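**Student:** Here is what each chain is made of, one letter per residue.
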Amino acid sequence: MELASVVQIWLAALFTIWIYSIAFRDNPFFKFAEHTFVGAAAGHSLVYGVDNILRYGWAPLTAGNMLYAVVFVLGILMYMRFHKTYFWVSRVPISVIVGIGIGLTLRSTVTSEFIAQIVSTAQMKVLGLGAWEGFSNLLFIIITLTTVYFFIFTFPKAQGGRLSLISTIARYGMMAAFGYSFANTVLSRFNMIFGRIDFLMNTWLVLPYAMLALPVVLILVIYAMIPTEKRPWPKPKN
Amino acid sequence: MTAKPKTIWDRLEDIPREILYGLLLVCIIVPMLFPIGFPVPISVEVKRWYDTIEALPAGSVVMVDFGYSGGGEPELAPFAVATYAQLFRKADIKVVTMSTSNEGPLLWEKAMTELNIARFGKEYGKDYIHIGYIAGVETAMAAVGKSISATTTTDYKGTPLSKYSIMQGVDSAEDFALLIVYTTGGDQSEGWVRQWYTSYKTPYLSCVLAMMVPTMLPYQKAGQIVSVVSGAQAGQIEILVKAPGRGVKSADVITVTHLLCIALVVVGNIAYFGKKFSGGKS
Amino acid sequence: MSIIMKKSVPIALVFITAVIFLLEYFVLPTELKSTVTMLQNWGIILTAFTLGFGAVNMIMFHGKQVSRRAKGQWPYSLWLLIILVLFTLVGVIMGATSTQYSWLYSSSYFALSATVYSSLGFYMTSGIYRALRAKNAESALLLIVGVIVLARNAPALAAQFPILVNMDSWLSSVPTTSAQRGIMIGAALGAIALGLRTMIGRETGFLGQTTEGEKGG
Chain S
1 MELASVVQIW LAALFTIWIY SIAFRDNPFF KFAEHTFVGA AAGHSLVYGV
51 DNILRYGWAP LTAGNMLYAV VFVLGILMYM RFHKTYFWVS RVPISVIVGI
101 GIGLTLRSTV TSEFIAQIVS TAQMKVLGLG AWEGFSNLLF IIITLTTVYF
151 FIFTFPKAQG GRLSLISTIA RYGMMAAFGY SFANTVLSRF NMIFGRIDFL
201 MNTWLVLPYA MLALPVVLIL VIYAMIPTEK RPWPKPKN
Chain Z
1 MTAKPKTIWD RLEDIPREIL YGLLLVCIIV PMLFPIGFPV PISVEVKRWY
51 DTIEALPAGS VVMVDFGYSG GGEPELAPFA VATYAQLFRK ADIKVVTMST
101 SNEGPLLWEK AMTELNIARF GKEYGKDYIH IGYIAGVETA MAAVGKSISA
151 TTTTDYKGTP LSKYSIMQGV DSAEDFALLI VYTTGGDQSE GWVRQWYTSY
201 KTPYLSCVLA MMVPTMLPYQ KAGQIVSVVS GAQAGQIEIL VKAPGRGVKS
251 ADVITVTHLL CIALVVVGNI AYFGKKFSGG KS
Chain U
1 MSIIMKKSVP IALVFITAVI FLLEYFVLPT ELKSTVTMLQ NWGIILTAFT
51 LGFGAVNMIM FHGKQVSRRA KGQWPYSLWL LIILVLFTLV GVIMGATSTQ
101 YSWLYSSSYF ALSATVYSSL GFYMTSGIYR ALRAKNAESA LLLIVGVIVL
151 ARNAPALAAQ FPILVNMDSW LSSVPTTSAQ RGIMIGAALG AIALGLRTMI
201 GRETGFLGQT TEGEKGG
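Residue numbers (this note's numbering), protein chains in the order written: chain S, 1 to 238; chain Z, 1 to 282; chain U, 1 to 217.
The hints are simulated quantities; they were obtained by calculation from the structure and are not laboratory data.
Just so we're clear, the structure is a prediction, and the values are computed from it rather than from any experiment.
Beta carbons: idealized from backbone N, C-alpha and C, even for Gly.
Do not take every clue at face value.
Stated by the list, open to error - Derived CB-CB ranges, DEER-like:
#	chain 1	residue 1	chain 2	residue 2	range
1	S	W10	U	N136	49 to 57 Å
2	Z	E174	S	T168	44 to 52 Å
3	S	F153	U	N136	20 to 28 Å
4	S	P227	U	A70	14 to 22 Å
5	S	L205	Z	V267	31 to 39 Å
6	U	T210	Z	G158	39 to 47 Å
Full structure from sequences and hints, please.
**Tutor:** As structure tokens, then:
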């Protein structure tokens, strides 16, 4: 295996162990890994931001479409948001982005998340089906309607007295949905942990000296978890 | 004043987290060291996903959004790799990939390496291509849906698209027979419904994190998405495609860890009710 | 004049841009096609410019930590800035898809991102044990549904007890989908209302920080 690949696997493995150490205690190795992550994330976003600006902005501009010069000016003006006095200048380009976002969302949200959902619910048959299917469809319609009611009519008069039954049904429906979501979240996270442990066991530990290094790394991390004042070394500066 | 002695319910209700995390690690590592080979039943949604791709006629062009971040790679990559294997096994199917995540292009390269694309005899630029990360999420989706050539003129490495035969006759959402999306973002998975399905009625297959599946189910129910699956179901698609990989490997671990979770729920509730009925306060 | 420039012009821009998109979609698809295409491309480029905000914020905040020699923090802040600059230099000079940048990404950011996401699984285990209690009817329902789906998600249990698959299928297609649909419809109404209010200037959150004079509305 190439040296570059070996070094890459070692670094990735160390970062993985250091990040997982936070589950037990905070320690300097975790802080180091955490700051690496944040710096890398910011740098990566910047890199791809520059890449996109060059590919979608600079290329058409240098090809002769001078209107793109306006976009460059607007883009640079966005960074005025960090200026104490002239922060308001950044509102112009941000308004363009917000306007585009609202235009794109409004024109399709009505169809996809409103009309289509209502039509699908209204088309559900309750009669003329088997008992269980009919009951399920009826329950579906009831939970949908009560949940919409729960979120729209939030003032006390609409939730009190006999009308509280509507909120109760909605809450039970949502509790079932949240229970389902919760179990799926557990599945998701455990799958991710499996992926990292699989990498450690089958990609890192098969490398030479990795099995020897593992206990050393773990001992160092555990030692780093000891509070500074209780550590025999290094001594804290007074 | 002396502290009350801890009852068995107190101890049962307060197991240290180090022990819990240690148990979790044991439940992950032991099945990996000693695989049991638990069966993996195929769900209706994954079967529908597989059948939709199998039913693609020759000459179809498929759009793939490789829109997940590094955090979702362990869960989504195995499903993506298996699906690419299925697509590339079919004769005369072209695959155009883009990314709405800025980690997409690099993770796509990783997936292509894992897929070992050379064994399918497919050629970059003729059978498949990556047109790059395009910022803006729904703005990017709408722009690409309207016209790829008006949005970008290069692939993800900066080579002009005009050099590649795959893009001939392929420009807007209307030229695609199927949209497949892998993403860790709700904005992306829902955005494709708004920008592609609503406007162009492109059939849409959505692969998201397991925790995102409930929020996507209403779209599936309304017929806006053909099939919503989670990356955690990768083992199932790998079995259907006959390309076992990380997904099948995870089945043992997922079973044992979920049994641990059920056991912890039971123990926690026994402790809670035991303490409650013996007069203690939780 | 000052308020017009600082507040009214941005609001007017939001309104005009959004209306162009709506008109193109519903009324004038051919006439406004090229304008909308241009605006979409502008949107992509402007969004790309925003990707640098995180880096600027990091430099400002952590730069201060380093210059002040903040106790216990400044070495980490310095390292963060070094990594940020390293990623930027390699990515911009060598290319965002170059072998060198790919190496840097895979050895650090990718591993860190994947691990951070997955580390929440540990806290979930603790949460399952400590918080998932049947204290009342609603939490009992959440618990029961959660346990059924946990059991179904374990492949071996699903293969051994097919009834779990049927129960999960019903839970998924009836209470979960219906409740999520209700939430979606409510959220869609909220999004539409928010969009319209932003267009007419009743919601000014996008303006960011405002001066006292602007707060008058």
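**Student:** Can you give the numbers of the hints that this structure goes against, from lowest to highest?
**Tutor:** Per hint list: zero violations.
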